[in-house]
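Listed below are the residues making up each chain.
There are 2 protein chains.
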Amino acid sequence: RRGRVVLVGAGPGGPGLLTLDAVDALADADVVLADRLAEVGDLTRLAPGARIVDVGKRPGHHAVPQERIESLMVAAALEGLTVVRLKGGDPYVFGRGGEEVAAAVEAGVPVTVVPGVTSAVGVPGAAGIPVTHRGVSHVVTVVSGHVPLTNEQAGGLVALGGTIVLLMGVHNLVPLTGALVAAGLPATTPAAVVERGLTPAQRSVVGTVATLPDLARRHGVTSPAVIVVGEVVRRSQVWDRRVDGA
Amino acid sequence: RRGRVVLVGAGPGGPGLLTLDAVDALADADVVLADRLAEVGDLTRLAPGARIVDVGKRPGHHAVPQERIESLMVAAALEGLTVVRLKGGDPYVFGRGGEEVAAAVEAGVPVTVVPGVTSAVGVPGAAGIPVTHRGVSHVVTVVSGHVPLTNEQAGGLVALGGTIVLLMGVHNLVPLTGALVAAGLPATTPAAVVERGLTPAQRSVVGTVATLPDLARRHGVTSPAVIVVGEVVRRSQVWDRRVDGA
Numbered sequence: 058r059r060g061r062v063v064l065v066g067a068g069p070g071g072p073g074l075l076t077l078d079a080v081d082a083l084a085d086a087d088v089v090l091a092d093r094l095a096e097v098g099d100l101t102r103l104a105p106g107a108r109i110v111d112v113g114k115r116p117g118h119h120a121v122p123q124e125r126i127e128s129l130m131v132a133a134a135l136e137g138l139t140v141v142r143l144k145g146g147d148p149y150v151f152g153r154g155g156e157e158v159a160a161a162v163e164a165g166v167p168v169t170v171v172p173g174v175t176s177a178v179g180v181p182g183a184a185g186i187p188v189t190h191r192g193v194s195h196v197v198t199v200v201s202g203h204v205p206l207t208n209e210q211a212g213g214l215v216a217l218g219g220t221i222v223l224l225m226g227v228h229n230l231v232p233l234t235g236a237l238v239a240a241g242l243p244a245t246t247p248a249a250v251v252e253r254g255l256t257p258a259q260r261s262v263v264g265t266v267a268t269l270p271d272l273a274r275r276h277g278v279t280s281p282a283v284i285v286v287g288e289v290v291r292r293s294q295v296w297d298r299r300v301d302g303a
Numbered sequence: 058r059r060g061r062v063v064l065v066g067a068g069p070g071g072p073g074l075l076t077l078d079a080v081d082a083l084a085d086a087d088v089v090l091a092d093r094l095a096e097v098g099d100l101t102r103l104a105p106g107a108r109i110v111d112v113g114k115r116p117g118h119h120a121v122p123q124e125r126i127e128s129l130m131v132a133a134a135l136e137g138l139t140v141v142r143l144k145g146g147d148p149y150v151f152g153r154g155g156e157e158v159a160a161a162v163e164a165g166v167p168v169t170v171v172p173g174v175t176s177a178v179g180v181p182g183a184a185g186i187p188v189t190h191r192g193v194s195h196v197v198t199v200v201s202g203h204v205p206l207t208n209e210q211a212g213g214l215v216a217l218g219g220t221i222v223l224l225m226g227v228h229n230l231v232p233l234t235g236a237l238v239a240a241g242l243p244a245t246t247p248a249a250v251v252e253r254g255l256t257p258a259q260r261s262v263v264g265t266v267a268t269l270p271d272l273a274r275r276h277g278v279t280s281p282a283v284i285v286v287g288e289v290v291r292r293s294q295v296w297d298r299r300v301d302g303a
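Chains as they are written, first to last, in our numbering: chain A, 58 to 303; chain B, 58 to 303.
Extracted from the complex, chain A is given alone in its bound form (with noise of 0.2 Å):
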């Protein structure tokens, strides 16, 4: 029997956003590797003939280094075993996906892809953000908050016109929202963070891209959360119940 390797979105979060091909994946593995072992719900029912291996990748908190994780993925497969590889939101949205695609086409492992729902359009739609909107955005740029934008970067962003969201981005939110008015945009563009999105402790802050920042540190926001800039925010519910700034 020939090994392969399943890379699976599981979604943002609950494992009511597993789509049908990530259930059956997890049906038929031998091994899962899982980041988030606790979000999905009940893997040994969801996979009841696969060995469960918590590599704990989490933002900023790496329990198994990625070269590991990798070698782990492809040994398994060549010994004949079907793995998923089960990963937060899509494998291919600062997921690292690509990467493992890499490793298990090099050492000549089966691997297909099953995508899956990501946290920066999942999450900005809990709280009722559209991250596009006729007449209001038809553009929407994802970027990975975890280092911060280059003037270039910010003053592209704001040439574009559109939705910013930013992933990862909530202990970088000063010097991300800074840079943003620094390259032109109005202090009074909508705002908001969505903490812990699509859980039962999801809550959102709303601001303004100027006052974001504030109202994040006084109401203790911290990570997971997905930041989202741009006149949609004026579009979402949350912005209609907003308490503070503005």
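FYI, nobody ran anything at the bench for these hints, they're computed from the structure. Ideal Cβ placement from N, Cα and C applies to all residues, glycine included. Do not take every clue at face value.
[Said to hold, decoys possible] Short, incomplete list of chain A residues facing chain B, as computed with Cβ under 10 Å:
1. A79
2. V121
3. L135
4. L138
5. T139
6. G182
7. P187
8. Q210
9. A216
10. R275
11. H276
[Unchecked claim] Partial selection, computed: residues in chain B whose CB lies under 10 Å from chain A:
12. L77
13. V80
14. Y149
15. G155
16. V158
17. P172
18. H195
Position chain B relative to chain A; hints supplied.
The following block gives chain B in isolation, referenced to the frame of chain A:
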């Protein structure tokens, strides 16, 4: 009994990309207003208790006008029915989901949204193109290609230096790529168009931002198709297998 509306993202193609929450919503539905009847499989089995209405919205072809869809949706919910509004991809990525949510809210009808896999990520991924890749791109912009880019937008995209995903843009491939090159994007930048992504008829045409329009024309590429521009295309298996251009 109180009616309600559930906007459901069906994903970019095939019943396998429905989420479990989408399946549950369909199972509970009294009415389904569906855009992509043919693509999500057997709706009479997925929604056995529902009247199924094909509102037939596709890019450039609205069988039922948007206002009529919204009034059908609201009227059924006000009758006490559970209405599923089934949309391709994600409801908030060029899906007019924000307008439909607003119509429900305005009518006092409870509304929830089930996010879906967006074609902007899932379709490039199905061609092996990671929209982000460590060390290559940590920015991805999704733009409607339905109208040409302004010079300012094209300049912004070039300044950003990330991945560009153009949806609904095949008929505008010449002006879209031309605007990017005119704004300073190197003509050698890899580019691909993925036609009928995530269906059995999927095919990719791969070249550079300069050669893609002619390649796509010669291969007779038509919509639906997703265009990807950026160095991430070089990281894909379609790049390794490309036969012309570049």
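Which hints from the list above does the structure break, by number from lowest to highest? 2, 3, 4, 5, 10 and 11
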